[in-house]
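A.B. asks: Starting from the structure of chain A, add chain B where the hints point.
For the protein sequence lines, the chains are A and B, in the order given.
Each residue of the first sequence is one higher than the one before, starting from 1 at the first, in the numbering used here.
Each residue of the second sequence is one higher than the one before, starting from 1001 at the first, in the numbering used here.
Simulated from the structure, these hints should not be mistaken for lab results.
Note that the Cβ used here is the ideal one computed from N, Cα and C, for glycine as well.
Any given hint might turn out to be false.
Stated by the list, open to error - No more than 30 Å apart at the CA atoms, straight line, and that leaves these computed lysine-lysine pairs for DSSO-like:
1) B:1184 x A:57
2) A:50 x B:1184
3) B:1055 x A:429
4) B:1187 x A:133
What the hints assert, rightly or not - Chain A stretches covered by chain B per the calculated footprint, using a threshold of three residues with CB under 8 Å from any CB of chain B:
5) 241–251
6) 307–316
7) 360–370
8) 398–407
Listed here are the chains, written in short residue letters.
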Amino acid sequence: MISQILFIAITIAAVILFSINVKKVIRNIRLGRDADRSDQPSKRLITMLKVAFGQSKMVVRPIPAALHFVVYAGFVIINIEVLEIMIDGIFGTHRIFGGLGTLYNFLIGSFEILALGVWLACVIFLIRRNILKLKRFMASELEGWPKSDANYILFTEVLLMTAFLLMNAADAKLQTLGVSHYTTAGSFPVSQFLIPLLPDQPSALIALERGCWWFHIIGILAFLNYLPYSKHFHILFAFPNTYYSNLEPKGEFTNMQSVTNEVKAMLDPSFVPAEAAAGRFGAKDVNDLTWINLMNAYTCTECGRCTSVCPANITGKLLSPRKIMMDTRDRMEEVGKSLDQKGPGLEDGKSLIDDYITREEIWACTSCNACVEACPINIDPLAIITELRRYAVMEESQAPSSINTMLGNIENNGAPWKYSPADRFNWAKEN
Amino acid sequence: MSEKLNIEVPTMAELVARGEQPEILFWVGCAGSYDERAQKTTRDICKILHHVGIKYAVLGTEESCTGDPAKRAGNEFLFQMQAMTNIEILNGYDIKKIVTGCPHCFNTIKNEYPGLGGNYEVIHHTQLIQDLITEGKLKAEGGESFKGKKITYHDPCYLGRANGVYEAPRKALEVLDAQLVEMKRCKSNGLCCGAGGAQMFKEPEKGNKDINIERIEEALETNPGIIAAGCPFCMTMLSDGVKMKDKSDQVQVLDIAEITVRANGL
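Just chain A, same shape as in the assembly (with noise of 0.2 Å):
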């Protein structure tokens, strides 16, 4: 009975502060500009479902795609098991689902397989990222935290699935021993092999089974709460991003309606904008970019695929896409956090561009879209490149001075050099 307003207790506790973190990251998302992406429901359905649910994108590289594909599925599928698990904690009943026989054994024996999988998967991880040292996980943006994350995340899941298949291998042993309250139900395909190693002591049995039991299941509640803090974020988020993709060819910028408004009121004086214009021009700081981009940004898992595709990064610039997404995100986090203390109204004299990003960063980007083509989750740091170059150039009239003198040129030729307008078409004359 304690145990089970324990469970009942932690249950809830864990529930409430996933929830009060998620509204956080809401309310942060929020900050963001306006944008509307409610267009064309169905084929955004069908971009998610394939892009996300079916990860479409990840099988450019096949060997991580094929071991991520494993702990996916195995996230997914084991969860059915969870949901056993929670049952059996509120009511103190024993592998509730039991009475599925022939169908209980077949889904028991597939989440250890599975679990078996990710078990293997994430050791693999581990080794890719802290012994074999793949490029893509050592760049500079990493140093910290974000190499941390990436570890804790891979050893908790490790653990887990150690956890689970010791709870089999205890429960199958006791079930053996004939136990009272351990029933026979399930099959054991991969914790069978662990049998051996046991203890044969009932009690010891029991200890075994319920410590793995509730480590399994506080270890997943407490992981649930990590990931507000994490770039593991991706496994929620990635379904909303994909939804909110951009859907239009990726060469396409947006033209702004604020400069269409005032453009038009400049080639017709008798213009009038149906609405006032809003705000500043581009992006100096995360509250001028829209929650399309900010959103990006917490659904952002770190993998670098983006950079590893980067010309301006392979040929050593400081560009990294994937540091754009990690700053916009950062930077975010420090607004929230002031909200929270100290309530709207942040003026810490810091701002996206120059205390995050750096206007050599910006101004290396050749537009190319391989990384926005690169994301497996439809992620776009071109975006937030191209709206930090909007406010750097129009409100700032800051850009590197040939640029400038290529938009002298535009403004007084029709061309970004230097000819004149009357040479146009002397092309044609020229034979």
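C.D. replies: The following block gives chain B in isolation, referenced to the frame of chain A:
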């Protein structure tokens, strides 16, 4: 042969004065108008249009920058000023269909002009060439033979990833009976030449290599006789790269239009 232009290039103003309307407007672009190397491609596109008998026109001195480099550099004002001025001219001439000689112009007019009142059917010249091949109007005969020659095609970002046009330029090369070899990074995974996003007009940031060198090294790995391009900016970057690598006498960088003109002896 492909250097000279023995045909009259009609302008919109002339056509309208005669009370005529073209089937398609050829949008030349700034590079195609002023850059010496790109001018060759421009003339070759005209030769192709003339050869197949499509009624076309150019804007001539009425054309102006689409605003693409301004937009990528963050100057939305200048972009929209350019766009609206151009749209006014295009709409004034009641233009319905446009072929561009540059993927950047193609992307801008096709994707960014509609929101500002400019709605046209826009194709890139490699798509035009593909269509003409499919329709049987263009072949690869009567000119230089490319049979068995090794050609590698560099995908321009604003044609490929930006707009999903991967097949048209390849189709134009397949008809040559040449040996088409792909670089390791091609199609949606293609590596930028380094010119996009207004990089063409500035010095690169500090790094350990120029992007066009990275790209040309990869292109040279395929041991090509010809590197095919579809963009005047890629053309500059790739040609410079070949020069830097001292391979100019072994490797030619040619636009798809130039290759088509040569193959047909136009």
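A.B. asks: Kindly indicate which numbered hints from before are broken by the structure, ordering the numbers from low to high.
C.D. replies: Of the numbered hints given earlier, the structure breaks none, since each of them holds.
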